[in-house]
Structures are given as structure tokens and as C-alpha cells.
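Using the sequences and the hints given, assemble the complete structure.
Chains G and E, in that order, give the protein sequences. Residues 1 to 522 (the numbering used here) are what the first sequence spells out, left to right. Residues 1 to 248 (the numbering used here) are what the second sequence spells out, left to right.
By construction, these hints were calculated from the structure, which means they are not laboratory data. Treat the hints with caution; some may be incorrect.
As the list claims (entries may be wrong) - Listed next, the in silico BS3-like pairs over lysine-lysine satisfying Cα-Cα at most 30 Å (straight line): (1) E:K100 x G:K214; (2) G:K142 x E:K230; (3) G:K167 x E:K161; (4) E:K161 x G:K475; (5) E:K56 x G:K475; (6) E:K230 x G:K486; (7) E:K157 x G:K429; (8) G:K214 x G:K127; (9) E:K56 x G:K225; (10) E:K157 x G:K68; (11) G:K493 x E:K184; (12) G:K68 x G:K29.
The residues making up each chain are set out below.
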Amino acid sequence: MAIKLDLDQKLIDLCRTYTADIADDIEDKIAQNTTTSVERTVLRLLGVDGVDEHGIPLPNVIVEKVQKEGKLHRGISYWFGNALLQTELEVQELAQAIAEDEVDLFALAQAGNEKVYKHLLKLARAKADEIRENVKTRKEMKDEHPPGPKPWLYVIVATGNIYEDVKQAKAAARQGADIIAVIRSTAQSLLDYVPYGPTTEGFGGTYATQANFKIMREALDEVSKEEGHYVQLVNYCSGLAMPEIAAMGAIERLDMMLNDAMYGILFRDINMKRTFVDQHFSRMINAYAGVIINTGEDNYLTTADAVEEAHTVLASQFINEELGLRTGLSKEQLGLGHAFEINPDIEDSFLMEIAQAQMVRQIFPDSPLKYMPPTKYMNGDIYRGQLMDGMFNMASIMTGQSIQLLGMLTEAIHTPFIQDRALSIENAKHVFNSARNISDEIQFKPDGKIQKRANQVLEETAEILHEIADKGLMKSLSEGIFADIKRPMDGGKGSDGVIEKSPDYFNPFIDIFEEELDLDAG
Amino acid sequence: MLDKDNLIKAYGDTYNDGKIQLSFTLPVQKGVEAEEAARVYCAKIGLKEVEVVHMKDLKEGFTFFVVYAVADVFVDLNKINVAKIETEEMTYYEINDYIKEKIGRELTVVGACTGSDAHTVGLDAILNMKGYAGEYGLERYPQFDTYNMGSQVPNEKLIEKAVKNEADAILVSQVVTQKNVHIKNLTEFVEILEAEGLRDDFILVLGGPRISHELALELGFDAGFGSGTKPNQVASYIAQKVYQNIKK
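So, in C-alpha cells, the structure goes:
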């Protein structure tokens, strides 16, 4: 790829030096703690599923019992693994027996660490192999039914009813969508558990449940084969149950996950430590499952100004990149997010959009960038909306973006109708096809407006990363460095689910993932 | 006697030609039958001279239509009656001067996106320092003491905060209105205030893209602001309303 923007490589390298410092500091805090959601994830990966008589998921029931005894610091897997050995029950049988108080985890004889760990590693190995099998299936499906050229067309369905979602998703896939995201019901991110079973009621979206994942995956596999192009499935690996969603996605072969290091802190007021620990484990799972993550920088620009705060997006991308790489994600799995959100009434706003989009393309050449459409300045005028979305698509094809979340002409009115989605797909196909190779033809004028804008944003990014590296990320977040949002270091939801690990903490999945993903043990 | 000029129809290119355009999807396979189904559907709505100008296969047994037709009914402008916010719109400087001179103390405003709603775009546009569309938000006004509680705030928490800070006005923003989830939440909010005998202690302002002044009144609020509302419009309303209440 020819160099289009003349960016200062030394400055880019300097940014990455700062981010390494920032990540070192955060990693220490991650290594010291586990969370209730991480431990529930371990149970899910070991094969625990289902709910008790009150509808509470068994992973929650069991982890709460151990937490109440103040014994979660050595990890749920030790207690559960020991009980497996002592009772000789199958995983699910044991889970039910614990929930029904037929087995008391703390009254059992102790088999000793070595035996328990060995047994757990065997079980974890089997699940890890199952996940690897999904990775293989995905590759075979992709080889046989290759996805379309990038930018991939990404659309959302959000009816609240998984069966209705399936109809809309299949229609969209047949119209040419490459990626289907099932939007979650509003406020699912604040549920400290994962709902169970197929669901048909939701507000502004459909609950993420393992059964719903399976239903949608099967439907999309069917369409992929019929249409001859692999349709990728996305969900939301965020909120208080973040790592559990990652596990469910790995098991049901989701292809992408929204999975940001800081989104929960900023936009859902979730406790910082909880978020950093949860994102770390969930990203290891995503890394292992070959899932492409999408980061959430676009959200900054819906609350803060897209011109003044452009550098915060780039700074956050650098941070997400560094934290992501440290969990074993490859650059090809880092769908770093940004957005087309500059006020369209500003003269040359399109030039600024191009500058920013091209800049991130060059700084992260191997990463599948996730480009988000205009939302903030969509006002209910659907004709203007369709034009803005066309401009957005043009910016994308001109700068070689990868994952194009299609703008809806009815943004700010309602969750998409079937025709809204069809019109957005038509819009993108039209623009992408008519300008397919335009990016190869473009070089930007030295000292032109686009060149200057990109360099200005990069310089500001280096400054802000320097500042964050000096202060530490948590303190910076508490001072409102991103999205104009301030979050206290010890505040936020879910802090009661953060538990300091004891020296004998054990999690067989972390051991397996660290080894196979070539990570330095923390 | 009817005043002819007040009886109107849609306008295409000739006065009262009644021309309208519409688009919709029918759950039917694309084809001549689908086209006829669209025409019959429009006829049943009461439309005349129905022309299906575009038809697109949305797959999975759905077809999208663009239709032009004549809507042969009149609206009598004399009979139109809409609830409107009666206060006068002022500028940032005028509002601050107004409060200083006429009320003589700072006004306190507490705002939140309540219930499960996580969308703070509208609330932030009105309250945040930076504001919206070139108008400063209420945080910037020296004469306003502003508390932005953010998203997903339970009704009880919002009321508690308003009571504690002796707020003059409470701002509630609701963006997610799918399946009318907001109605239940907003009704509950007003009911709590009434049950606690607090309803008249506050000016209640509702905002959101699907909110009208009329809907707000219906739900027991004092005013409602829809999409495109600028912070100064809300600020003007609150300042003048507080002054009116003092004068009473």
C-alpha cells in the first residue's frame, strides 16, 4: 500500500511506548484480582448450564455460595473440581446438587491441590479443544463460502424476539449483509448474570443468551451455505457478565464481539477494577476462539465533540490495542472502533472525516477497523440521513475501512424496520461498487488540509497519552479524560464482585490460554 | 360558513391536489400479485390514484414498495388545537439576567435518563457545559446549579436527589420508546411524586426524540421537549415558569 498520508512514524512509536507504560500499570492490578463473573465463566466453560427453581443461573448460585463463605479467593474451580472428585458426579449433576444443597462444597474431604488441578486441567482441555474445533469449522466455512470484500457490511437486528430477529437477519444476509449483530435488550449490560433459554421479549433488542446465540448461528449457517458467502455473527461482550458472554460466544461460534477495555467504566458506570479484570479474561477467551473484537471508541464522539476530541479516539485505540495484544489477541483480531460523527454543517467536515479515517488506517494497518456511522446529527429527516450515510460509505471506501456498520436513514426515529436495513445495504453496495478501487488512486496533497488535520490529531494524541502514562489510566479516567465522563476509582457497579486472589488461586483456563496464546504468565 | 382557505389537502404541484408519497413493506413474495396487494392495501387506507412506482425484493418473502397516491380528504385549519409551550424563548445572556433580576437566586436543576434507558445524548445536549448546536448547556449558566445524574437512574434516586438539593426543576430524558417502555416508567415517576406529596415542589420537564409537549402534559409533566430542542429553550421555560410560580 502506497503511503497516502505523511505521518510522523517517530510520534506513532512514541505513542506505543506510552501505551506500554499504561498497560504495565493496569496489568499489575488485573493480576491481583479475580471477579465473580470470571469465576462464573470458569463454571460455564467447565460445562455448568441451566437455572435453579427460581430461574437463577446455576453458575451464579454456586459462585455466590462460595463468595458468601469468603472462599472465592482461591477460585471456584478448586472447590468445584474437588467436589467432582469426591462425589464422582458429572459436571451438570454436581451443579444441580450444589444448588439444591445436596452437596456442601466445604463439608467434603479435600483431595489436595495436585489431584484437583490435574482433573480440572483435563476437563478444561476438553473444552479448549471444543473451542478450537469451532475455530476450524469457521475456517472451513469461510474457505468454502468466502465472505465478501472489505469493507464488510454490518447490520443490526433488534426486534426483542429471537425468532423475529432470525427472519430479519436472514433477509439482510440474502440482501448482501456480511455481518449480523443482534442488539441486546436495553440494560442487559447491568445484569450481573446471563439470562437463560430462547427469549421473545426485550426492549430495544434481544437478550444475549446461549440458546439465542445457537438459534441465530444455525440460521446464518443455513443462509451462508445457500448464498455462498459466510455470514458472521456478532454480540456484545460487555457489562457485568462480560466474560460469560465471551465463553458462550466461543462455544456457539460467534465471529465477532463488541469488547472494549473501558466502555463499561465510561458508559455503564461499572467499577474500574471489575471492568479491567473482566475484559482481560474475556479477551483471552475471544483470542483463543478466533473472535474479532470491536472496540467502542465511536461512543466517545456521541457525548464529546468529534472535532475537538478526535485525539481521544486515537489514544483509546492505542490503549485498546496494547491491552488487547497482551491478552493474546492478534492485530487481525483487533477491530478498533471509530466513527463518522463530525457535524456535517461544518465546512470541509468530510475532509476531516477522511483525514481521521485514513490516519487510523495507516497507524493500524493490520487491524480490521470498525467504522461507525453518523448518529449524533441524524435528526429524523430520512432523506438527509440517506445522503449522510452515503457520504459515510464514501469515506470508508476511500480509506480502506474493514467493518462498516451501516447507517440507518431512520436513525433517531426507531430501531430499524426491514426496509431501512435494505436501503442501507443498497446504499453501501452502490457506493462501494462504484468506487471499489478509489483508494488505490488517492494520495493526499502535501501540506493540504487533510494532511494537516491528521498530523494535528496525532500530535494531540501523543500529548494525551503522555499525560495518561504519567498519571495512570485509572486516575485519568477518574478525571474525565475520555468522552467528558468522570468515574471515581472505587465507585461504580459491580465492585462487590472484585476479589483479591490468594497465592493458591487456580483457574485452569487461564493456564491453558496463557500457554497456547504464548502469553507471559501474569 | 366554511372558510375555503382553511381547508387544505396535501400539495404536490397543484393546490389541493392531495398528492402524497409513502413507502412500506408487505410480507409477500415480489411479483405482480405483490404489486396488486400494495395497490389494494393503499385503496383500503382510502387513497386514490395509487401508483406503485418502485418495488424491491427484500428476500425471505418480503417486498418493499414506494407509492404515490392522492389522499382526497381535507383538514380544517380552524379546528386544529395544539398544546404549546407558552413561555418566550430567550438567549443565554437574557436568561441569566432574567433569573438574577426577577428571581434573585440561582435555580437548581436535576436531570437523568431514568429506568433502563442508557442513552444520554439528549440529556447531555441540554445539560453538559458544551451544549448542543452552538447553544451552551445548563451547566455553563452561572444562574443554574445543575446536577446531571446520567443514565439508568431509578425514579426514586432521581426524586431523592431533587429533594436533597431543593431542586426547582427535574429533567427526565427518555430515548428508548420501543413498545412504549417509557410510558410505564414516566407514569410511575409522577405517581411516586404525587404519593409523596411532592408533585408541586418541582417543575417537571420531559425530553426525548419521541416526546411532544402534549404527551408530557398527558403523563402529568409540566412541559415536553422533542428532538432538536436547544438548551436555551429549556432554560427559558424553567426560568419563566419559576418566576410565574413566585408571582402566584
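Evaluated hints:
no.: 1; hint: E:K100 x G:K214; in the structure: violated, 62 Å
no.: 2; hint: G:K142 x E:K230; in the structure: violated, 49 Å
no.: 3; hint: G:K167 x E:K161; in the structure: violated, 45 Å
no.: 4; hint: E:K161 x G:K475; in the structure: holds, 26 Å
no.: 5; hint: E:K56 x G:K475; in the structure: violated, 54 Å
no.: 6; hint: E:K230 x G:K486; in the structure: holds, 24 Å
no.: 7; hint: E:K157 x G:K429; in the structure: violated, 47 Å
no.: 8; hint: G:K214 x G:K127; in the structure: holds, 17 Å
no.: 9; hint: E:K56 x G:K225; in the structure: holds, 23 Å
no.: 10; hint: E:K157 x G:K68; in the structure: holds, 28 Å
no.: 11; hint: G:K493 x E:K184; in the structure: holds, 25 Å
no.: 12; hint: G:K68 x G:K29; in the structure: holds, 23 Å
In summary, the structure is inconsistent with hints 1, 2, 3, 5, 7 from the numbered list given earlier, while agreeing with the others.
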